Amino acid sequence: MKLLSYIFIILFGTACSSEKDSEYIPIENTKLEFTVPANFPEPSYNITLNPPTEKGFELGKKLFYDGRLASDGVISCGFCHIQDFAFTHHTHIVSHGVGGALGTRNAQPLHNMAFMKEFTWDGAAIHLDLQPIIPITAEVEMNETFTGIIKKLEEKPEYVKLFAEAFDDQKINSDNILKAISQFMIMMISANTKYDKIERNEGSVFTENEAAGFELFKAKCASCHKGTLFTDQSYRNNGLAIDPQYNDVGRNRVTGLSEDSYKFKVPSLRNIELTFPYMHDGRLKTLDDVLDHYGNGMVDSETLDPIFKNQNGTLGIPMTESDKQLIIAFLKTLTDDDFLNDNRFSEF
Amino acid sequence: MKKITIITLTFLMVISCKSDDDDQTTEPTFGSVKIDFNNVIDNKTIALNNLSYTNDSNETYTIAELKYIVSNIVLIKANGEEFKYPTEQSYFLINEEVETSKSVSLSEIASGEYSKIKFGVGVDQSKYPFESGMANFIPTAEENAMVWNWSAGYIFFKFEGGYTTNAGPSTDFLIHVGSHGTALDNYKEITLDLPSTLTIAEGAEPILLINADITKVFDSTNTHSLAVKNSIQVDPEFAPKIAENVMTMFNAISITK
Chain A
453 MKLLSYIFII LFGTACSSEK DSEYIPIENT KLEFTVPANF PEPSYNITLN
503 PPTEKGFELG KKLFYDGRLA SDGVISCGFC HIQDFAFTHH THIVSHGVGG
553 ALGTRNAQPL HNMAFMKEFT WDGAAIHLDL QPIIPITAEV EMNETFTGII
603 KKLEEKPEYV KLFAEAFDDQ KINSDNILKA ISQFMIMMIS ANTKYDKIER
653 NEGSVFTENE AAGFELFKAK CASCHKGTLF TDQSYRNNGL AIDPQYNDVG
703 RNRVTGLSED SYKFKVPSLR NIELTFPYMH DGRLKTLDDV LDHYGNGMVD
753 SETLDPIFKN QNGTLGIPMT ESDKQLIIAF LKTLTDDDFL NDNRFSEF
Chain B
24 MKKITIITLT FLMVISCKSD DDDQTTEPTF GSVKIDFNNV IDNKTIALNN
74 LSYTNDSNET YTIAELKYIV SNIVLIKANG EEFKYPTEQS YFLINEEVET
124 SKSVSLSEIA SGEYSKIKFG VGVDQSKYPF ESGMANFIPT AEENAMVWNW
174 SAGYIFFKFE GGYTTNAGPS TDFLIHVGSH GTALDNYKEI TLDLPSTLTI
224 AEGAEPILLI NADITKVFDS TNTHSLAVKN SIQVDPEFAP KIAENVMTMF
274 NAISITK
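Protein chains in written order, with the numbering used here: chain A, 453 to 800; chain B, 24 to 280.
Here chain B stands alone, though its shape is the one from the complex (with noise of 0.2 Å):
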């Protein structure tokens, strides 16, 4: 403990001590740009309740609920380097039923040419609390009942319907997955080419389209029927092969200046 006493304090010493005066030759300039993220089934954005849908295995089913966190936001050039959204401004919940949660803003971004974005669903609890801010994503996620409260836990997907086989009766289904305390961690990123540049500058905002297909999350890497199972909470066998899925559903489609 002495030993971390003295190098902290060392440490601190030392970057304390750091020198402003050696600006840079060039002021960095900075921009913004909007994510718009559209749910869909068949190119078209998802109607909750009122429009069915079918899936791989037969079911037929309506979507009431369809939530998710966006989270850890990066932006990539092409010759690799990263822009990293400041991490404790960087959950989002999309709420299909919220217009305005589908569209993110983000701004103060690092002008340039970008041609690849990458984020992550959930919440990346193996860097707690390396990087502060997750705890102040809590009173949003507890809004949207995206937390577990028993377990002290996001849930990093929501989805909720009903569904029938062959024309029988409706039964409701429900999907939550999340990660399970320390025993399975089900916090997944993505890495998405864009469609053409992404060009940052000042006063510019340009749109940023990413189509999200639903119907990934029962057919995709993995195919999940509902008459297999159609409640998954805390399911250490079905909700790492949802994560898989969702993982798959993204899709940047347009960038419009």
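If we strip away everything but chain A, and leave its shape as in the complex, we get (with noise of 0.2 Å):
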């Protein structure tokens, strides 16, 4: 493939050899590949439309930890968004954000960015080039404007001149910024876990326990957290008790539609060992919390997912406790060392 696309790139840049082409100045941006691992669906995201290139990504992850994208000039995209934890705000329950303030709700691990349909806990954001909009412009996260964003960026001269390399139009604007962060977001894909190179056969075996907790996720778990993703991208009511001191309604913010009231997006597991805490709100701090919520923790409401009401009138999906222990070994097998400390993606 590789050689395939190298005999294309020498094809197309021979293709027009004529004099007339004289005047042009080749700008050194080589395409980066984007490679869809073997056991991935197709993505989301249109990468024809924003391919990215060196320039772009680099562009991009400067952005992505640069404290001039917030009003204090400090918190950046990768303070709430940590590698070392699938880019999640380490054991904060909700993100921080400018002046100390409080946001509502658990920062969301990023990876496989390019394979969502909607984003944020409640969707709010329908495509990746929106979603930084959200955290920057709130007060309570980077509390900025993009106007003021341009006018910081303008004034430096290596984003002149990186935005002058990424872009065809050469210009410091809203699409670019949000089209070269998307670059470096779609670049983020965590497939190389224990759990991929089995589905890939690439050697690995599941230990007993994780096997048996494999079987135990299939039956009990899989039907929202499905696929080599592990969601359905749906939003769903799971049953956690009203927090009085948000009332976060979820999906119904987005809608309006009292149906989604309390819904939030079903999130992908991958990596869900260091994502901690758990939930839209970050309430539950370990995976034997959330499989106690699971077992036995749920709260009824009308718009509680009726695939958790039991027909004995139970709610929740039914656990031994050795049950939950072995799914708990196979959530294991999520976690993607090869992405948490990929340099590529690191800020320093």
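Note that these hints are calculated values from the structure, not bench results. Quick caveat: nothing in here was measured; it's all calculated off a predicted structure. Glycine residues also receive a C-beta, built at the ideal position from the N, C-alpha and C atoms. Some hints could be false.
[Claimed, not checked] What follows is a list of derived Cβ distance ranges for each label pair: (1) B:E111 to A:L554: 33 to 41 Å; (2) B:T205 to A:I759: 17 to 25 Å; (3) A:A693 to B:E105: 49 to 57 Å.
[Claimed, not checked] Here are the simulated lysine-lysine pairs, DSS-like style, with alpha carbons at most 25 Å apart: (4) A:K569 to B:K211; (5) A:K678 to A:K784; (6) A:K613 to A:K483; (7) B:K107 to A:K623.
Assembling the complex is the task here: the two chains are given apart, and the hints tell you how they should meet.
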């Protein structure tokens, strides 16, 4: 494939060689190869409309880790999305913003974003390019405006240069800022877990406990945490008691529909071992707490997902203590050390 | 993926070699037009705060704020031929409070005789990101508080003020219409017949006057009483009704050469 790509690049490069092109100044901005893992579905993000390039990715990464995107010059995207913890805000229940402000939701991990259809806990962002607008402009997060960011970036020669190298129109504008951040994010693919290596027949094998846990997982969890992304990308009420402090109505905030009250996006479970605390408001500290919740911690409400209502009138997923431990053993096979340590995504 | 790469590369190869030699015999010419949006009630430009108006539900209201996004402007000839204004330059914020915002200048329009105009109110998110430039409207929208910061969406239409029923105390009303994620798209387009032929030609800048009859926000296809709902924000029941009403408020009134 690589060879083929090179051939095409050469063909492409030479196809137009005529005297007319003598004014053409080549910009050295190599296209990055976006490879879909063999066990993954096709991406939702249309790569051809914003193909990641070396310079675009570099710019996106610089923006991601730059506090200039916030009003205080400190809180970058990377402040709440830390690579070591699959780009979550490690141990923080809710995200922290400028001036010590607290958000109302737990920062979600960033990985395999190119494969997601909608973003944030309630699906407020319908496209990856639009997602960063939310944290950047939210008062309790980065509290900045695009006008402000553009002005700050224009003052830095290294940004002027990078934007010029990364984009044909060479401009520092909202469109290019968001496209660059997307280029960085779509390259963040996490697909090298033990689970993946088994799914792709690359020689790994589950331990006995992991294998038993996988069987339990398929029977009890996989209807929502579906497929190789471990989410069906739907919004559901999983029976969390309403937190009076936030009274977060979830998906209802986006659609205004009463049937969407208290529904949140089914999260991917990849790297779940590291993305604690759990749930949209980070109320559960450990995986044991999570499975206890699903086992017997649910609270009924009008929008509780029917999947949790058992015929005998009980709520939740029937599980023994040993079932829970086996499922956790399986979930730990979803940790991707290669991704967590991948220098391409690191701040330094 | 491989296939896509190959197809893309092949496509690029083909288009990149298109010759520039087949110039057209006649050079196309371009002209300009200015579109003035006039927000009216009873054919008079509305007055913010100082005047009160009455709707069909017998509610007397004053207007504190009126803003809307006009986008995707297309001029149409009698034979149906369309001139689509470049998408990324085609987003305008009409703010009643700012005189200059109500006058939209379009340039580099293909010369010709146009009989209709089409435009949208709001931002057509279904096209995102296929037609780029939409995000470049963010700074303008932000400065005018026409973005729902928590939902990454534009507010298409914003109408605020106070109202009274039966001379009672004044209550605030607030109407914010936009799209609700992928669940509900409130972006709509309208086509208006022009009152006479709009001639676009080099060196001329005719003025097209479009009136927006603000009473239609409450009383048109749907009737909206503020007593029933005085705060409409991400409202799946009332926002689409207001959006429908808003599309009926525009009329092309005159063309001045």
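Right, here's what the structure says about each hint:
Range check, B:E111 to A:L554: about 37 Å between beta-carbon atoms, so the 33 to 41 Å window is met. A C-beta distance of roughly 22 Å is found between B:T205 and A:I759, which places it inside the suggested range of 17 to 25 Å. Checking the proposed 49 to 57 Å range against A:A693 and B:E105 shows it holds: the Cβ atoms sit about 56 Å from each other. Taken as a hint, the A:K569 and B:K211 pair is honoured in the structure, with Cα atoms around 24 Å apart against an allowance of 25 Å.
Taking the CA atoms of A:K678 and A:K784, the gap is near 17 Å; set against the 25 Å cutoff, the hint holds. A hinted pair counts as satisfied when its Cα atoms are at most 25 Å apart, and A:K613 with A:K483 qualifies at roughly 18 Å. Restraint check: the Cα-Cα separation between B:K107 and A:K623 comes to about 24 Å, which is no more than 25 Å; the hinted pair holds.
Of the hints listed earlier, there is not a single one the structure fails to meet.
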